[in-house]
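Chemist: Top to bottom, those sequences are chains C and A.
Going by the UniProt record's numbering, the final residue of the first sequence carries number 167, and the count climbs one at a time with no gaps.
Going by the UniProt record's numbering, the final residue of the second sequence carries number 404, and the count climbs one at a time with no gaps.
Note that these hints are calculated values from the structure, not bench results.
For clarity, every value in this text was computed on a predicted model and none was experimentally measured.
A hint or two may mislead.
Covered by chain C, per the in silico footprint, the following chain A stretches (three or more residues, Cβ under 8 Å) [stated by the list, open to error]: (1) 19-28; (2) 84-97; (3) 121-127; (4) 295-304.
All residues carry an ideal CB built from backbone N, CA and C; glycine is no exception.
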Amino acid sequence: FFVQTHSLQDLQQPAVSSKVFIQRDYSSGTICKFQTKFPSELESRLDKQQFEETIQTLNNLYAEAEKLGGKSYLEGCLACLTAYTIFLCMETHYEKVLKKIARYIKDQNEKIYAPRGLLLTDPIERGLRVVSFTNTLCNHNTEINFRLLLGCKYFHLNAWLGCSGRV
Amino acid sequence: MITRKVRKWEKLPGKNTFCCDGRVMMARQKGVFYLTLFLIIGTCSLFFAFECPYLAVHLSPAIPVFAVLLFLFVMAMLLRTSFSDPGVLPRALPEEATFIEMEIEAANGNVPAGQRPPPRIRNVQINNQIVKLKYCYTCKIFRPPRASHCSICDNCVDRFDHHCPWVGNCVGKRNYRYFYLFTLSLSLLTIYIFTFDIVHVVMRSVDNGFLNTLKETPGTYPLLFLSDFLEYLSFTVLEVLVCFFTLWSVVGLTGFHTYLISLNQTTNEDIKGSWSGKNRVQNPYSHKNIVKNCCEVLCGPTYPSVLDRRGLMQEDSPVSAASAAPSSSSSNSSSSNPVPQTTKTTAPLIPNEHTPDDAKPSIAASAEKSPSPREEHHPPAPKVPPLASPETDAETSIAKDKTH
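All chains, please: the whole structure from these sequences, using the hints.
Modeler: Set out below in structure tokens:
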């Protein structure tokens, strides 16, 4: 591994939060949809296309969950007739799609985001309000940098600033 | 420090009560709910005990059977409405709150000292209509469209309809259909019991030869009638009275909600006159088709609860009373060290006319208030953590930068 040293100029950059939140897009109403606008904080870390693809797939999955169609009406009517006791044994369509989404996010994290030092969190953990990208590299480098403290001229503990050190 | 595992519902902010280890979620005041239960169960028990044997024999056994089914449906809908999560939106975690604050600051620019900052509103265009999203000072989020903050439960609820004391819970996106079916089936049950009570009175009177006796002994009959009346029909009279008063209110309520559903509106929007049509404002959520609106509200997908009530989390309870409040970490975090959480943001939360009244004292007191186990969003002053511990908090990173 190598330790990244940074010049004073780097250190003087404004400190940015280590989490980026993608907000909901309400232009189509109250359905669950996230903004596909690429945030500037991720410019150095991620492809715009990759980001848009992930968010678009998530939006499509949520649209599938909330789709009003024959199938959902049938499920609703059947459940009503049984006084909704049927949900004690059966999983709702929405829950099935949520599991699918969880699997997709896990898959994306393993293949695309973890190698780039990012972690995509499932929006259900934030009340379906935001999709957050967490910088995972900071923590690692923080510890390593501290341990090499004595020998280094410059060291920084806010490792978000352009850090690309690998262990 | 003693680390123990607790269920997430124990640490949820807001004024809800939880039962059955987080499976049941209700408002704090349940007195009126118990009254509802008492009235329904009481009246139906009287009906089954006194009217049904007579009616089953003299008319048809299908009558009590149908009454039982209807009663069970009413109870199922009532309990489902009262015990389920209405669609509570969880409060923003400190990082998210900070992020939003930074965005607001960037949008507002520089406010001269002494001037009130502009109200926190975001405009969104939905279906060619401008909808204003308000900022909730308690939950620290911009409320999604149709969401509202319930001051009784102290939560933001998605597609907030109203807080119903009769069911002891808020009525929101997740339990609106159960609430509607409850009022509908209760109307049917009330009409049913009322009708058969009248039928029972009529049949008894005919049986006792009311009309004939009246012709023969007009003088003494009133006394006989009265004693018969008290013997057979006093409970009926009680039921009829309860049903009569219930009928007007519940049938009226069902009618009102049917009207709201056909227009895809909530009670909250109706009261505030959001889509009343003045200034050419129209409901952007309506499909403009009654059938489609009804289908969406009643037969739409069943939304899951986004409040993970029964999930497990770590709780660090301090040994001494003077130290920090139990800090909660999300289920993702594997660290057992208390992660210092700060809500000290660069912009102080100044209460303005948009701050709900009950949030103002909490904003004022947030600095000095000692955190209680329920309120995790009023932490102690930020302290710089030991350098070796990994953290992701923006504020402490800034603090660290300043230390060297």
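Chemist: Look at each hint and say if it fits the structure.
Modeler: Tested hints:
1. 19-28: Contact hint for the region 19-28 of chain A vs chain C: violated, 0 residues under 8 Å.
2. 84-97: It holds: at least three residues are needed, and the region 84-97 of chain A offers 6 whose Cβ sits within less than 8 Å of chain C.
3. 121-127: holds (count 4)
4. 295-304: holds (count 9)
Of the numbered hints listed earlier, the single one contradicted by the structure is hint 1.
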